[in-house]
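A.B. asks: Those sequence lines, one after another, are chains A and B. For the first sequence, the working numbering assigns the number 504 to the last residue and increments by one with no breaks. For the second sequence, the working numbering assigns the number 504 to the last residue and increments by one with no breaks.
Please keep in mind that the hints were generated in silico from the structure rather than gathered at the bench. Incorrect hints may have been included.
Put simply, identical chains are the same to the list, so a pair is met inside one copy or across any two.
[Said to hold, decoys possible] Here are the computed lysine to aspartate or glutamate pairs in the EDC-like style, where the Cα-Cα straight-line distance is at most 20 Å:
id: 1; residue 1: Lys409; residue 2: Glu446
id: 2; residue 1: Lys303; residue 2: Glu269
id: 3; residue 1: Lys409; residue 2: Glu286
id: 4; residue 1: Lys409; residue 2: Asp368
id: 5; residue 1: Lys182; residue 2: Glu269
id: 6; residue 1: Lys182; residue 2: Glu266
id: 7; residue 1: Lys275; residue 2: Glu189
id: 8; residue 1: Lys409; residue 2: Asp451
id: 9; residue 1: Lys182; residue 2: Glu265
id: 10; residue 1: Lys182; residue 2: Asp300
id: 11; residue 1: Lys182; residue 2: Glu455
id: 12; residue 1: Lys275; residue 2: Asp169
id: 13; residue 1: Lys303; residue 2: Glu200
id: 14; residue 1: Lys182; residue 2: Glu411
id: 15; residue 1: Lys409; residue 2: Asp300
There are 2 protein chains.
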Amino acid sequence: MSDEPRSDPAFGGSCPLPLADYPTVQMAHGGGGKLMQQLIEGLLVPAFSNPELARLHDGAVLAVGAARLAFTTDSFVVRPLFFPGGDIGSLAVHGTVNDLAMCGARPLALSSALILEEGLEMATLAKVVDSMRRAAAEVGVPIVTGDTKVVDRGKGDGVYVNTAGIGLVPAGIEIDPRRARPGDRVLLSGAIAEHGVAILSVREGLEFEIPIASDSAPLDRLVAALLARLGADVHVLRDATRGGVASVALEIADAARVGLKLEERAIPVAEPVRGACELLGLDPLYVANEGKFVAVVERARADEALETLRAHPLGRRAAIVGEVVESGPGRVVLRSGIGGEHLLDRLTGEQLPRIC
Amino acid sequence: MSDEPRSDPAFGGSCPLPLADYPTVQMAHGGGGKLMQQLIEGLLVPAFSNPELARLHDGAVLAVGAARLAFTTDSFVVRPLFFPGGDIGSLAVHGTVNDLAMCGARPLALSSALILEEGLEMATLAKVVDSMRRAAAEVGVPIVTGDTKVVDRGKGDGVYVNTAGIGLVPAGIEIDPRRARPGDRVLLSGAIAEHGVAILSVREGLEFEIPIASDSAPLDRLVAALLARLGADVHVLRDATRGGVASVALEIADAARVGLKLEERAIPVAEPVRGACELLGLDPLYVANEGKFVAVVERARADEALETLRAHPLGRRAAIVGEVVESGPGRVVLRSGIGGEHLLDRLTGEQLPRIC
Chain A
149 MSDEPRSDPA FGGSCPLPLA DYPTVQMAHG GGGKLMQQLI EGLLVPAFSN
199 PELARLHDGA VLAVGAARLA FTTDSFVVRP LFFPGGDIGS LAVHGTVNDL
249 AMCGARPLAL SSALILEEGL EMATLAKVVD SMRRAAAEVG VPIVTGDTKV
299 VDRGKGDGVY VNTAGIGLVP AGIEIDPRRA RPGDRVLLSG AIAEHGVAIL
349 SVREGLEFEI PIASDSAPLD RLVAALLARL GADVHVLRDA TRGGVASVAL
399 EIADAARVGL KLEERAIPVA EPVRGACELL GLDPLYVANE GKFVAVVERA
449 RADEALETLR AHPLGRRAAI VGEVVESGPG RVVLRSGIGG EHLLDRLTGE
499 QLPRIC
Chain B
149 MSDEPRSDPA FGGSCPLPLA DYPTVQMAHG GGGKLMQQLI EGLLVPAFSN
199 PELARLHDGA VLAVGAARLA FTTDSFVVRP LFFPGGDIGS LAVHGTVNDL
249 AMCGARPLAL SSALILEEGL EMATLAKVVD SMRRAAAEVG VPIVTGDTKV
299 VDRGKGDGVY VNTAGIGLVP AGIEIDPRRA RPGDRVLLSG AIAEHGVAIL
349 SVREGLEFEI PIASDSAPLD RLVAALLARL GADVHVLRDA TRGGVASVAL
399 EIADAARVGL KLEERAIPVA EPVRGACELL GLDPLYVANE GKFVAVVERA
449 RADEALETLR AHPLGRRAAI VGEVVESGPG RVVLRSGIGG EHLLDRLTGE
499 QLPRIC
């Protein structure tokens, strides 16, 4: 095959966005906000140009014979490695299981690729690996292939974990951010901002009256229950990780060219988390979750969806938090408790680096 | 599912090998030799216990409906990022395409997960990404999903790349290291040790009369040609990366509980590479390749296999280099040019760190 440059090269003559604005990589290029969007849409998607990647979903869905296979990858660089409610190992398993679930897929197998820093305590590695094992066993997904690399002292940060995953999308399920359409209801599977606050509280050495733990959890069964009940009436699923619920809402609005209207009062936030966010100057809507997702469903099925979610331990605090509207494509409007409305914007900087 | 410890816990009471011998991670734990084997077989395989992983192959093969799906992952931490004959981007694509090929699979899709260090030149990133694009386009495999993380300055090394891959194993193909059986012939697809020598020469600032470039290349078509001709008479395929041909031969001997006998004279090494190895004190049999593989085939088909390999540009210097024997299971004997025999051993230390 040819090595010739294409007629519309992603590099060279033209200067893609992130190259133009920033000559070097910034922390915010990994933060889930505007800069990351620029990097992905300005550099990576044009380079790897293909329709699956361009969907900008949590994973790709490919036809394999009669089956539809979901395929996803995530690297984890969270700091510290261990935090209330989880660690880099369980997070790496949950994160990839959840990305598969957000494609509507049941997890089939995971891979595990470790980048270890020379000098890492072997006992620390064993704890991380054991945590991956437990998390995978809880889901019932095997880790079938792996890789191990070691980098010199000072060229890593203990351990980085990459998990890729494959899963099967059941027949009749059609999850796609572009399927959000006016009238659809927006649901949230539970209370938000717990992962980000838990991580930050460890970093800052904060102690709260009520300790705040990460919500890191595998969402596959909760999603399976929802899909079993609603089938193709579930239009969009997105887990609200980096950038939080606000960023996910903006991505959906963008992908489907619709508006989203969210009711602030309806969005569940646990009291201690709300307090911690105020103290830390964080907007919970932008704080990362690792066990919560946004679902966009057919209006007439919203109550059933809510009932299904609430029947599951991980969905007890689920809520209908908004709707899809025709006006303002690409925009997300937040209606405040007292009735005012304001537009949500993408994060520019990095609210919480290395959150996952 | 239960979080209860199993009856034979991989951790806790009993102390797996690597924990006992080394309290911290050593560079050699990533080197493809004994320490890496201890880490994988003593810690990772018991933890993630499942038959596919236990095969210790380059990837897993899973049944998906009527199809057989290969699934593999590799992280790349090579230093420097750019070297004669390639860079971390092309290497990441070739490496995963080759791991799929070693399962007998045709590549279907790749993922790309980048761990970027804050401060990395955006132009460097663009070069790496463009190189991934070119390498994937040459193979004709789409990069369908991805992830980007940024770590603080000093906590990375420019860029680490993880690629996972999925591929389809054609009907009638059965590649498995355990299929090596006495009488089988051992083939090598070309001249060895070029990748390792190329990397080392850049690091050491060495200049040779004839510049030595990495052999990094996608092996999917060469393998497809071999499989199309020999079908199930190809028993084992392994690309000879970290640890070189010697380590791969030892792994095959171990997995199949057979002996391997290699003819030193038959093993192709380009003259400049041989000279460089002598200068650098390296044994070419242990030096990494990124575009060469070992094939174990049915004795009666060995000549056809050789003919098929040699007909392809990447297999021009292919050779029959040995045979599988019943005696000395787990052992590899090298017959030297003058007829002496000696046993090959696994590398203990790290011959060339961060080679891929």
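A.B. asks: Could you run down the list of hints and mark each one as holding or not?
C.D. replies: Evaluated hints:
Taking CA atoms no more than 20 Å apart as the test, lysine 409 paired with glutamate 446 passes inside one copy only; the shortest distance there is 15 Å, against 66 Å between copies. With identical chains, the CA atoms of lysine 303 and glutamate 269 are at most 20 Å apart both within one copy (16 Å) and between copies (17 Å). When the C-alpha separation of lysine 409 and glutamate 286 is checked against a cutoff of 20 Å, the pair qualifies neither within a copy, at 36 Å, nor between copies, at 45 Å. Taking identical chains as interchangeable, the C-alpha atoms of lysine 409 and aspartate 368 are never at most 20 Å apart, the minima being 27 Å within one chain and 49 Å between chains.
Taking CA atoms no more than 20 Å apart as the test, lysine 182 paired with glutamate 269 passes between copies only; the shortest distance there is 19 Å, against 37 Å inside one copy. Taking the shortest Cα distances, lysine 182 and glutamate 266 sit within 20 Å of each other only across copies (16 Å), while inside one copy they are farther apart (34 Å). Proximity of lysine 275 to glutamate 189 under the C-alpha cut-off of 20 Å is restricted to the inter-copy arrangement: shortest distance 16 Å between copies versus 37 Å within a copy. Only within a single protomer do lysine 409 and aspartate 451 lie at most 20 Å apart by alpha-carbon distance; the minimum there is 18 Å, versus 69 Å between protomers.
For the identical chains of this complex, lysine 182 and glutamate 265 are inter-copy neighbours only, at 18 Å across copies versus 31 Å inside a copy, given an alpha-carbon limit of 20 Å. Proximity of lysine 182 and aspartate 300 under a CA criterion of 20 Å is satisfied inter-copy only: 19 Å between copies versus 33 Å inside one chain copy. In this assembly of identical chains, lysine 182 and glutamate 455 lie within 20 Å of each other by CA distance neither inside one copy nor across copies; the values are 35 Å within and 55 Å between. Proximity of lysine 275 and aspartate 169 under a CA criterion of 20 Å is satisfied inter-copy only: 17 Å between copies versus 41 Å inside one chain copy.
Within a single copy, lysine 303 and glutamate 200 get their C-alpha atoms no closer than 33 Å, and across copies no closer than 32 Å, so neither meets the 20 Å cut-off. Proximity of lysine 182 to glutamate 411 under the C-alpha cut-off of 20 Å is found in neither arrangement, the shortest distances being 24 Å within a copy and 59 Å between copies. Proximity of lysine 409 and aspartate 300 under a CA criterion of 20 Å is satisfied in neither setting, with 49 Å inside one chain copy and 36 Å between copies.
Hints 3, 4, 11, 13, 14 and 15 from the list above are not met by this structure, while the remaining hints are.
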